[in-house]
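Chains as they are written, first to last, in my numbering: chain A, 1 to 324; chain B, 1 to 528.
No wet-lab data here; the hints were simulated from the structure. One or more of the hints may lead you astray.
What the hints assert, rightly or not - With a cut-off of at most 25 Å between alpha-carbon atoms, the simulated DSS-like pairs for lysine-lysine come out as follows: (1) B:Lys442 x A:Lys310; (2) B:Lys88 x B:Lys101; (3) B:Lys83 x B:Lys69; (4) A:Lys119 x B:Lys176; (5) A:Lys110 x B:Lys162; (6) A:Lys98 x B:Lys52; (7) B:Lys354 x A:Lys59; (8) B:Lys509 x B:Lys442; (9) B:Lys167 x A:Lys94; (10) B:Lys132 x B:Lys117; (11) B:Lys129 x B:Lys167; (12) B:Lys250 x B:Lys167; (13) A:Lys119 x B:Lys354; (14) A:Lys110 x B:Lys117; (15) B:Lys88 x A:Lys263; (16) B:Lys442 x A:Lys314; (17) B:Lys176 x B:Lys354; (18) B:Lys176 x A:Lys59; (19) A:Lys59 x A:Lys110; (20) B:Lys442 x A:Lys221; (21) B:Lys162 x A:Lys98; (22) B:Lys62 x B:Lys354; (23) B:Lys111 x B:Lys62; (24) B:Lys118 x B:Lys108; (25) A:Lys73 x A:Lys119; (26) B:Lys33 x B:Lys88; (27) A:Lys98 x B:Lys132; (28) B:Lys69 x B:Lys88; (29) A:Lys98 x B:Lys167; (30) A:Lys117 x B:Lys176; (31) A:Lys110 x A:Lys94; (32) B:Lys118 x B:Lys83; (33) A:Lys94 x B:Lys52; (34) A:Lys312 x B:Lys176; (35) B:Lys111 x A:Lys98; (36) A:Lys98 x B:Lys176.
As a plain string of letters, each chain reads:
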Amino acid sequence: MEIFRPDQPIIGFMKNAKKVGAFSLLMILASIVLIATKGLNYGIDFAGGTIVQVKYEGKAPIDKVRERLSTVKEYEGATVTFFGSDSEIAIRTKSTTKSVDSDVSDQMRKILEGTGKFKIRGVDMVGPAVGDELRTQGLMAMVLSIIGILIYISFRFEWRFALASVIALIHDVTIATGALALTQIDVNLPILAAILTILGYSLNDTVIVFDRIREGIRTIKSTNLGDVIDESVTRTLSRTTLTSLTTFFVVLTLYLFGGEALKGFSFTLLVGVVVGTYSSIFVASPILMWLNFSIEEFRANEAAKAKREKEKEKMRAMYEQGTM
Amino acid sequence: MGTLNYRVVIFAFAFIFGVVFSIPSLTQSDSGKKITLGLDLQGGLHMLLSVKTEVALESKLKSIGTSLKYILEDEDIVFDDLKIDSDKVSFEVLDEDEIPKVDKILAKEFKGIVVTKKGTHYELSLSEKMAKETEKHAIDQAVDTIRTRLNMFGLAEPTVAKQGEDKILVEVPGVKTAEDEQRIRALIAKAAHLQMMAVDEDRANRVYSMTQAEAQSYGDIILPDVSEKDKKYLLYSIPILDGSMLTDAKVGYEQKTNRPLINFSLDGQGSKIFGDFTEKSVGKRMAVVLDDEVYTAPNIVQRIGGGKVQITGNFTPQEANDIAIALRSGSLLAPVQVEEKRSVGPSLGADNIKASSIALVVGFVLVIIFMVLYYGMAGVISNVALIANLFLLLAIMSLAGATLTLPGMAGIVLTVGMAVDANVIINERIRELLHQGSSVSKAIEQGYNNAFTAIWDANVTTLIAAVVLFAYGTGPIKGFALTMSIGILASMLTAILGTHGIYQWLLPKIDKNRLDFWFGIEQEKGAK
Numbered sequence: 001m002e003i004f005r006p007d008q009p010i011i012g013f014m015k016n017a018k019k020v021g022a023f024s025l026l027m028i029l030a031s032i033v034l035i036a037t038k039g040l041n042y043g044i045d046f047a048g049g050t051i052v053q054v055k056y057e058g059k060a061p062i063d064k065v066r067e068r069l070s071t072v073k074e075y076e077g078a079t080v081t082f083f084g085s086d087s088e089i090a091i092r093t094k095s096t097t098k099s100v101d102s103d104v105s106d107q108m109r110k111i112l113e114g115t116g117k118f119k120i121r122g123v124d125m126v127g128p129a130v131g132d133e134l135r136t137q138g139l140m141a142m143v144l145s146i147i148g149i150l151i152y153i154s155f156r157f158e159w160r161f162a163l164a165s166v167i168a169l170i171h172d173v174t175i176a177t178g179a180l181a182l183t184q185i186d187v188n189l190p191i192l193a194a195i196l197t198i199l200g201y202s203l204n205d206t207v208i209v210f211d212r213i214r215e216g217i218r219t220i221k222s223t224n225l226g227d228v229i230d231e232s233v234t235r236t237l238s239r240t241t242l243t244s245l246t247t248f249f250v251v252l253t254l255y256l257f258g259g260e261a262l263k264g265f266s267f268t269l270l271v272g273v274v275v276g277t278y279s280s281i282f283v284a285s286p287i288l289m290w291l292n293f294s295i296e297e298f299r300a301n302e303a304a305k306a307k308r309e310k311e312k313e314k315m316r317a318m319y320e321q322g323t324m
Numbered sequence: 001m002g003t004l005n006y007r008v009v010i011f012a013f014a015f016i017f018g019v020v021f022s023i024p025s026l027t028q029s030d031s032g033k034k035i036t037l038g039l040d041l042q043g044g045l046h047m048l049l050s051v052k053t054e055v056a057l058e059s060k061l062k063s064i065g066t067s068l069k070y071i072l073e074d075e076d077i078v079f080d081d082l083k084i085d086s087d088k089v090s091f092e093v094l095d096e097d098e099i100p101k102v103d104k105i106l107a108k109e110f111k112g113i114v115v116t117k118k119g120t121h122y123e124l125s126l127s128e129k130m131a132k133e134t135e136k137h138a139i140d141q142a143v144d145t146i147r148t149r150l151n152m153f154g155l156a157e158p159t160v161a162k163q164g165e166d167k168i169l170v171e172v173p174g175v176k177t178a179e180d181e182q183r184i185r186a187l188i189a190k191a192a193h194l195q196m197m198a199v200d201e202d203r204a205n206r207v208y209s210m211t212q213a214e215a216q217s218y219g220d221i222i223l224p225d226v227s228e229k230d231k232k233y234l235l236y237s238i239p240i241l242d243g244s245m246l247t248d249a250k251v252g253y254e255q256k257t258n259r260p261l262i263n264f265s266l267d268g269q270g271s272k273i274f275g276d277f278t279e280k281s282v283g284k285r286m287a288v289v290l291d292d293e294v295y296t297a298p299n300i301v302q303r304i305g306g307g308k309v310q311i312t313g314n315f316t317p318q319e320a321n322d323i324a325i326a327l328r329s330g331s332l333l334a335p336v337q338v339e340e341k342r343s344v345g346p347s348l349g350a351d352n353i354k355a356s357s358i359a360l361v362v363g364f365v366l367v368i369i370f371m372v373l374y375y376g377m378a379g380v381i382s383n384v385a386l387i388a389n390l391f392l393l394l395a396i397m398s399l400a401g402a403t404l405t406l407p408g409m410a411g412i413v414l415t416v417g418m419a420v421d422a423n424v425i426i427n428e429r430i431r432e433l434l435h436q437g438s439s440v441s442k443a444i445e446q447g448y449n450n451a452f453t454a455i456w457d458a459n460v461t462t463l464i465a466a467v468v469l470f471a472y473g474t475g476p477i478k479g480f481a482l483t484m485s486i487g488i489l490a491s492m493l494t495a496i497l498g499t500h501g502i503y504q505w506l507l508p509k510i511d512k513n514r515l516d517f518w519f520g521i522e523q524e525k526g527a528k
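Pulled out of the complex, with its shape left as it was, chain A reads as follows (with noise of 0.2 Å):
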């Protein structure tokens, strides 16, 4: 089977890069409002609280849960919903008790005594410090791998390929927390490990495009850089659509089947995924054509990188050789 062929006509990507470019900033733009407005909802990960989650022997019995709820004043403002199915509920509170030897299951079970025969099956609670901690650690692990790869990126390519790449970064991290603002699902510690997985994702995905444009500088006679783009990234389709589809497919699974866990995080990389296509078609490259990025530079440059590209050779003597 072939979707893309590798003689396939040349697809004029960059005629219409200016187009593509105004849809993605308009996605950006409308992704930044819903954040502001709408915001994110944090949950007991970062904004601090407990879970509990309860099951009953059939149906739950949501509204006389949240009648007994709102009698107690600690749990005054505490959400209850249905967890996967009619028979399980979670209880989210903003309260958290600091005592360990009693606790908020321990008076959930006696708020609830009466209301069936139920049986508490987990129990997460975080106290404000913490989360307050684990978002600053969350942040700071945004931030450092950003920076990581940035430095690889500039080290491997160039610096402009690097900012591009970043760019492109950027633009899908801020479409997924859009979407997360928009669907409003508790922001957690896996979601945090979605973002950041679509970050790896999504640069993985970028970089074997900017490897074929680099390739490209030096096979494809043409000086322009238009032209080069399109051929490369045509050349690279058929491999972006393909691994593509099968991580959609794996994580597609997770959404469906995973349980209701790895809802929110599974999710978050279905858009990932989607988004993170779509960039390193669609707007990495360009971004390289706006930054004026230069292919007589780049070949100029590429003499005096000689050395640089020793050592890769080296690297592949190193593989041909078996010692990797």
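Could you slot chain B onto chain A? The hints should help.
Below, chain B alone, put in the same frame as chain A:
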């Protein structure tokens, strides 16, 4: 078939290695190294605790006060107004002539204490260095104490470790019921602060009309009875001795009533202090106080030597057992508080395993079918690499004794989707070269060469994100980063080197007229 080349041999070894070392984990056999399931998969209790170190500082001062009192009395120095506040111990020496003697005692017995003197009035406080040490000691001691308690409780492999400067991580796998969990939490929280305190017999009859502040002004404290909450005792706030002099605690039974009680023994110094005190105080009452509740306050009939003491109370055998464990393991110098708690019931853990395993299998099957449909034999070869990759991932995790969490499972599922990427890139390059009319062997060699830098750069960038996530992530997230990283590294071996070897090995078999079968190229339109 072609001759065996080093690539295919290495790949075969990696494959066998992967299968062999992942068997213990897959079959959950008792022998061999296995992957540990995280608390979110097997169920259990995870808590992050903090220590109220300010209480440790206070009790340090209190114990300074206690030993000061004992020493001064022992040396027959007359003093008055001995008071213990939250930040200092103060007292008044009545005979000015004894000041040099007091100074000498203070210098000798109380090192690291800041002494401020105004005439005959003394104030003792902790030096900054000592305060820091006391705080650190309180945290370290809490870690040791909680660990000892959980081990004595007889649970499978609890983890108790210091996290960062001032937090304690407690992980207890396999907690079956909510009642068990509560019992474990009660055991952890128990200060187990044992004190022997003398009843202030002079004022004892006024206890019900006295406020705590008034009691304090006499150097007394009012404490409630453990079972009858209305009953109160007026006690000298400086204890005769405390639990630090305890050597053992055991559950016993009262002979007549068969009710559980706790026997404990004191060390040499404790026995002496206890013997001296009981000798002096015949006819008075002495209270056994545990965590600021009076368990028993019998009349002293005669001197009690040998350092054997009993606590009675309305215990259930279970309570008596837990209190004895807590006493044996020593008291917590400072109380602990919960900062974070995650408790997963065994049924929820089982659900998590089931759901994520289904996702893994379905995702895996989809990818495998897709690769075969799209690439033909080349897809089959990629799939062999993918299977090897999974086994290798499990084997490495088993050998490292890594913990598999729910996000870790998600990481494995994701690896399945992304590991074929390398093969997609390679297969596309080979197809491209075949279309350009290259021979099969040249297309394969050249294809691998062309694809290598792209795969390398792409994997390194993903790896950077995963490593940072591992360094900054906590708990389950670390598991995700770990499986991702191992998956990427394993895929470099299986998807690049492994498949390359297989192609070289199969090369003589590959029919250039059947490129549709071998590489999924549509022949009618494609072959020129």
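Do the hints match the structure? See the list:
{"no.": "1", "hint": "B:Lys442 x A:Lys310", "in the structure": "holds, 23 Å"}
{"no.": "2", "hint": "B:Lys88 x B:Lys101", "in the structure": "holds, 21 Å"}
{"no.": "3", "hint": "B:Lys83 x B:Lys69", "in the structure": "holds, 10 Å"}
{"no.": "4", "hint": "A:Lys119 x B:Lys176", "in the structure": "holds, 12 Å"}
{"no.": "5", "hint": "A:Lys110 x B:Lys162", "in the structure": "violated, 33 Å"}
{"no.": "6", "hint": "A:Lys98 x B:Lys52", "in the structure": "holds, 11 Å"}
{"no.": "7", "hint": "B:Lys354 x A:Lys59", "in the structure": "holds, 22 Å"}
{"no.": "8", "hint": "B:Lys509 x B:Lys442", "in the structure": "holds, 15 Å"}
{"no.": "9", "hint": "B:Lys167 x A:Lys94", "in the structure": "holds, 22 Å"}
{"no.": "10", "hint": "B:Lys132 x B:Lys117", "in the structure": "holds, 24 Å"}
{"no.": "11", "hint": "B:Lys129 x B:Lys167", "in the structure": "holds, 20 Å"}
{"no.": "12", "hint": "B:Lys250 x B:Lys167", "in the structure": "violated, 31 Å"}
{"no.": "13", "hint": "A:Lys119 x B:Lys354", "in the structure": "holds, 19 Å"}
{"no.": "14", "hint": "A:Lys110 x B:Lys117", "in the structure": "violated, 55 Å"}
{"no.": "15", "hint": "B:Lys88 x A:Lys263", "in the structure": "violated, 55 Å"}
{"no.": "16", "hint": "B:Lys442 x A:Lys314", "in the structure": "holds, 21 Å"}
{"no.": "17", "hint": "B:Lys176 x B:Lys354", "in the structure": "holds, 19 Å"}
{"no.": "18", "hint": "B:Lys176 x A:Lys59", "in the structure": "holds, 24 Å"}
{"no.": "19", "hint": "A:Lys59 x A:Lys110", "in the structure": "holds, 20 Å"}
{"no.": "20", "hint": "B:Lys442 x A:Lys221", "in the structure": "holds, 24 Å"}
{"no.": "21", "hint": "B:Lys162 x A:Lys98", "in the structure": "holds, 18 Å"}
{"no.": "22", "hint": "B:Lys62 x B:Lys354", "in the structure": "violated, 55 Å"}
{"no.": "23", "hint": "B:Lys111 x B:Lys62", "in the structure": "holds, 16 Å"}
{"no.": "24", "hint": "B:Lys118 x B:Lys108", "in the structure": "holds, 20 Å"}
{"no.": "25", "hint": "A:Lys73 x A:Lys119", "in the structure": "holds, 23 Å"}
{"no.": "26", "hint": "B:Lys33 x B:Lys88", "in the structure": "violated, 55 Å"}
{"no.": "27", "hint": "A:Lys98 x B:Lys132", "in the structure": "holds, 24 Å"}
{"no.": "28", "hint": "B:Lys69 x B:Lys88", "in the structure": "holds, 14 Å"}
{"no.": "29", "hint": "A:Lys98 x B:Lys167", "in the structure": "holds, 14 Å"}
{"no.": "30", "hint": "A:Lys117 x B:Lys176", "in the structure": "holds, 18 Å"}
{"no.": "31", "hint": "A:Lys110 x A:Lys94", "in the structure": "holds, 19 Å"}
{"no.": "32", "hint": "B:Lys118 x B:Lys83", "in the structure": "holds, 16 Å"}
{"no.": "33", "hint": "A:Lys94 x B:Lys52", "in the structure": "holds, 23 Å"}
{"no.": "34", "hint": "A:Lys312 x B:Lys176", "in the structure": "violated, 56 Å"}
{"no.": "35", "hint": "B:Lys111 x A:Lys98", "in the structure": "violated, 35 Å"}
{"no.": "36", "hint": "A:Lys98 x B:Lys176", "in the structure": "holds, 23 Å"}
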